[in-house]
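Student: Below are the chains, spelled out letter by letter.
Number of protein chains: 2
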Amino acid sequence: MLTNGQKYIHPFSFSQSEVIAFAKVTGDNNPVHLDDEFAAQTVFKKKIIHGMLGASVLSKVFGTIFPGNGTIYLNQTLNFYKPMYVDEYYEAIFEVKELIFEKQRAIITTTIVDIDNKIVLAGEACIMHAKILQQVHA
Amino acid sequence: MLTNGQKYIHPFSFSQSEVIAFAKVTGDNNPVHLDDEFAAQTVFKKKIIHGMLGASVLSKVFGTIFPGNGTIYLNQTLNFYKPMYVDEYYEAIFEVKELIFEKQRAIITTTIVDIDNKIVLAGEACIMHAKILQQVHA
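Here the protein sequences line up with chains A and B, keeping their order.
Residues 2 to 139 (the working numbering) are what the first sequence spells out, left to right.
Residues 2 to 139 (the working numbering) are what the second sequence spells out, left to right.
Chain A with its partners taken away, still in its complex shape:
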């Protein structure tokens, strides 16, 4: 059961071997994620995590924790403000912005911050879940 303004915080990090596995399964072999020499020539100076790998944390939390199994993903906006790096500490922060009971939908803001609390990714999701039902008090 989600409530308006409810917050959920999910800490995470990714290793380089997870980045390599993500590149393999998605085919996203952009060398900025995989090749030290290439990455050194970019504005980032070192290898970065795929933005979509970072964003997959949002899907993971919706589908398995908050609100969990049975979640249907309707939309997600992703603004990539800063690159993400392997072996660094991040937090994905979820906050319920609006509940649309008649459609069993929730609009949830999704933010990823780094260890200095700087925003690396921000956006908003709309999900559908059977748990999103108005409590009727008799």
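Hint data in this document are derived by calculation from the structure and do not stem from the laboratory.
Any given hint could turn out to be false.
If several chains are the same, the list does not tell them apart, and a pair holds so long as it fits within one copy or across any two.
[Unchecked claim] Pairs of lysine-lysine residues, derived as DSS-like cross-links and limited to a Cα-Cα distance of at most 25 angstroms, are as follows:
{"#": "1", "residue 1": "K83", "residue 2": "K104"}
{"#": "2", "residue 1": "K104", "residue 2": "K119"}
{"#": "3", "residue 1": "K48", "residue 2": "K25"}
{"#": "4", "residue 1": "K132", "residue 2": "K83"}
{"#": "5", "residue 1": "K47", "residue 2": "K83"}
{"#": "6", "residue 1": "K8", "residue 2": "K119"}
{"#": "7", "residue 1": "K83", "residue 2": "K48"}
Following the hints, position chain B against chain A.
Tutor: Coordinates of chain B only, in the frame set by chain A:
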């Protein structure tokens, strides 16, 4: 070099073993992607692909093909209209909507359609790439 209105079409499909690998690396073990019995009880009736796995095709194309290595992902909107299934044929369609030369940015519409040409995912991306530079004719 991208041009206004330029289109790129990328056909793809995913196997169940790729879905399992994606679940493993992202931690997104939502049973709707992995468990036949659970999925049969949902509105989808059978297992579906992670929306973010489908969306990773967009990142893959931007980072490796169109416009390719060196792409910086600034934002992406994702509207999930229909579920995606394993071993089915899909096309990701990219169309350059706007070029912002002074910022080396491009706004590109991103659409995934199924074999019946029905839209399963639609959205828009903003990317940055050194190739996005106004041609100056002397």
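Student: Up to 25 angstroms between alpha-carbons, please classify K8 paired with K119: within, between, both or neither.
Tutor: within (18 angstroms within a copy, 36 angstroms between copies)
Student: Can you give me the call for K83 and K104, within, between, both or neither, at a CA distance of at most 25 angstroms?
Tutor: between (34 angstroms within a copy, 17 angstroms between copies)
Student: Give the relationship of K132 and K83 under a CA distance limit of 25 angstroms: within one copy only, between copies only, both, or neither.
Tutor: between (34 angstroms within a copy, 21 angstroms between copies)
Student: Under a CA distance limit of 25 angstroms, which applies to K48 and K25: within one copy, between copies, both, or neither?
Tutor: both (16 angstroms within a copy, 22 angstroms between copies)
Student: At most 25 angstroms between alpha carbons: which applies to K83 and K48, within, between, both or neither?
Tutor: Within one copy, since 13 angstroms is at most 25 angstroms while 34 angstroms is not.
Student: Give the relationship of K47 and K83 under a CA distance limit of 25 angstroms: within one copy only, between copies only, both, or neither.
Tutor: within (13 angstroms within a copy, 37 angstroms between copies)
Student: Pop the pair K104 and K119 into one bin, within, between, both or neither, using alpha-carbon distances up to 25 angstroms.
Tutor: between (34 angstroms within a copy, 23 angstroms between copies)
Checked against the numbered hints given earlier, the structure satisfies every one of them.
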